[in-house]
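Protein chains: 2
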Amino acid sequence: MRIRRIEHLAIAVNDIDEALGFFRDILQLEVSHTDIEEGQRVVVAFMPVADSEIELIEPVDDDSGVARFLQQRGPGIHHICLEVDDLDAAMERLREHDVQLVDKNPYVGSSGRRLAFVHPKAAHGVLIELYEAQPGDRRIPRVQNIDELRRNLVNRSRIAAAGTRGFFAGLWSDGETDD
Amino acid sequence: MRIRRIEHLAIAVNDIDEALGFFRDILQLEVSHTDIEEGQRVVVAFMPVADSEIELIEPVDDDSGVARFLQQRGPGIHHICLEVDDLDAAMERLREHDVQLVDKNPYVGSSGRRLAFVHPKAAHGVLIELYEAQPGDRRIPRVQNIDELRRNLVNRSRIAAAGTRGFFAGLWSDGETDD
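Protein sequence lines correspond, in order, to chains L and H.
Residues in the first sequence are numbered from 11 upward in steps of one, following my numbering.
Residues in the second sequence are numbered from 11 upward in steps of one, following my numbering.
Some clues are possibly wrong.
[Stated by the list, open to error] To be clear about the criterion: a stretch of chain H counts as covered by chain L if any three or more of its residues have a C-beta under 8 Å from a C-beta of chain L, and this derived list gives those stretches:
1. 32 to 41
2. 57 to 64
3. 81 to 94
[To be verified] A few chain L positions that, by computed beta-carbon distances, are all more than 12 Å from chain H:
4. Ile46
5. Val70
6. Asp71
7. Gly146
8. Pro151
9. Arg152
Everything labelled a hint here was simulated from the structure, so no lab data went into it.
Just so you know, these numbers come straight off a predicted model, no measurement behind them.
The beta-carbon is built from N, C-alpha and C at its ideal position, and this holds for glycine as well.
All chains, please: the whole structure from these sequences, using the hints.
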């Protein structure tokens with residue numbers, strides 16, 4: 011497998027607006043895009059840094075994996091995303107080496123992104139998203155109001171994204187709820 | 011201030027050799043360099059990823075900041091490093107905005123790197139190293155034996171790098187030991 015780049019770092023925060031007061035207003039990172047990630051029930055602000063991005067993620071309710079992470083650990087880096095050249099081949103390699111995965115198979119996330127998560131237990135405490143670029147999965151720059159995004163997400167049905175959300179909720183707990 | 015790129019991510023691990031079994035042998039990242047960071051009392055393995063690096067850091071004794079981090083949180087991402095174009099200007103800006111800093115002024119780390127750390131309390135739980143590239147501070151690729159590096163570091167005097175180590179030891183504790 012070949013890892014092309016660090017595609018993004020995701021930082022879990024309690025309040026994106028407050029966090030932007032540091033990352034945007036003081037560090038002067040630019041917000042290129044804001045959106046919701048329905049499966050994880052988070053609002054996201056994307057800030058490009060060279061060929062990578064820093065993402066701020068804020069949960070909109072108390073029972074998502076990101077919310078659990080915040081409750082247990084406080085704000086901080088939630089996961090890193092590594093772009094691979096061939097996600098199927100990467101997953102096959104990880105399975106061959108008995109690496110514990112959050113997602114047994116790749117799935118399609120927001121904006122048509124094809125991705126899968128490796129369990130932090132297998133990766134020395136780091137939750138790793140593996141992502142393979144697809145034609146047309148580039149995010150279109152668009153900064154929407156954070157409050158509108160929150161309301162939008164809260165109002166949507168609470169149907170969890172297949173499987174993944176349950177895994178995420180258990181990732182940072184002490185118990186073995188996730189496999 | 012202008013942030014040029016994510017220069018590296020540092021992952022605190024209990025045992026670099028074991029961690030390389032995942033990051034090098036399974037993810038197939040290449041180790042370009044191994045070294046010690048005397049001030050933080052860690053052995054480091056550097057793995058380039060595009061224009062960034064992933065670093066594995068292993069403490070050699072129990073009383074460094076990285077050791078404390080591992081004791082309290084377990085392995086995981088310890089800090090991120092952002093390259094800035096002008097570190098003095100960046101520090102000035104941070105001071106103007108009353109951002110809590112680990113290092114009040116930039117200092118010269120290993121390989122002649124000029125850097126300073128922002129306190130995680132100011133950065134939503136993320137320990138941020140700011141770094142300004144200097145002529146001649148590129149690391150020369152050289153992979154030394156990890157065990158030799160450990161012994162080398164343990165045998166050196168325990169004189170702490172000015173100030174920084176004490177701050178690092180207190181960073182992740184609940185008490186306000188650091189200011």
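So, going through the hints one by one against the coordinates:
Evaluation of the coverage hint for the segment 32 to 41 of chain H: fulfilled, as 6 residues show C-beta separations to chain L shorter than 8 Å, against a requirement of three. Look at the segment 57 to 64 of chain H against chain L: 5 of its residues bring a Cβ nearer than 8 Å to a Cβ of that chain, three or more, so the hint holds. For the segment 81 to 94 of chain H, the proposed coverage by chain L is satisfied: 7 residues have a C-beta within less than 8 Å of a C-beta in that chain, meeting the threshold of three. Distance check on Ile46 (chain L): its Cβ is at least 20 Å (rounded) from any Cβ of chain H, clearing the 12 Å threshold; non-interface status holds.
Listed as a non-interface residue, Val70 (chain L) keeps its Cβ farther than 12 Å from every Cβ of chain H; the least gap is roughly 17 Å. Look at Asp71 (chain L): its CB is around 20 Å from the nearest CB on chain H, clear of 12 Å, so calling it non-interface holds up. Non-interface status of Gly146 (chain L) relative to chain H is upheld: no Cβ of that chain comes within 12 Å, the nearest being about 22 Å off. At roughly 18 Å from the closest C-beta of chain H, the C-beta of Pro151 (chain L) stays outside 12 Å, upholding its exclusion from the interface.
No Cβ of chain H approaches the Cβ of Arg152 (chain L) within 12 Å, the least distance being about 22 Å, so the stated non-interface status holds.
No hint from the list above goes unmet by this structure.
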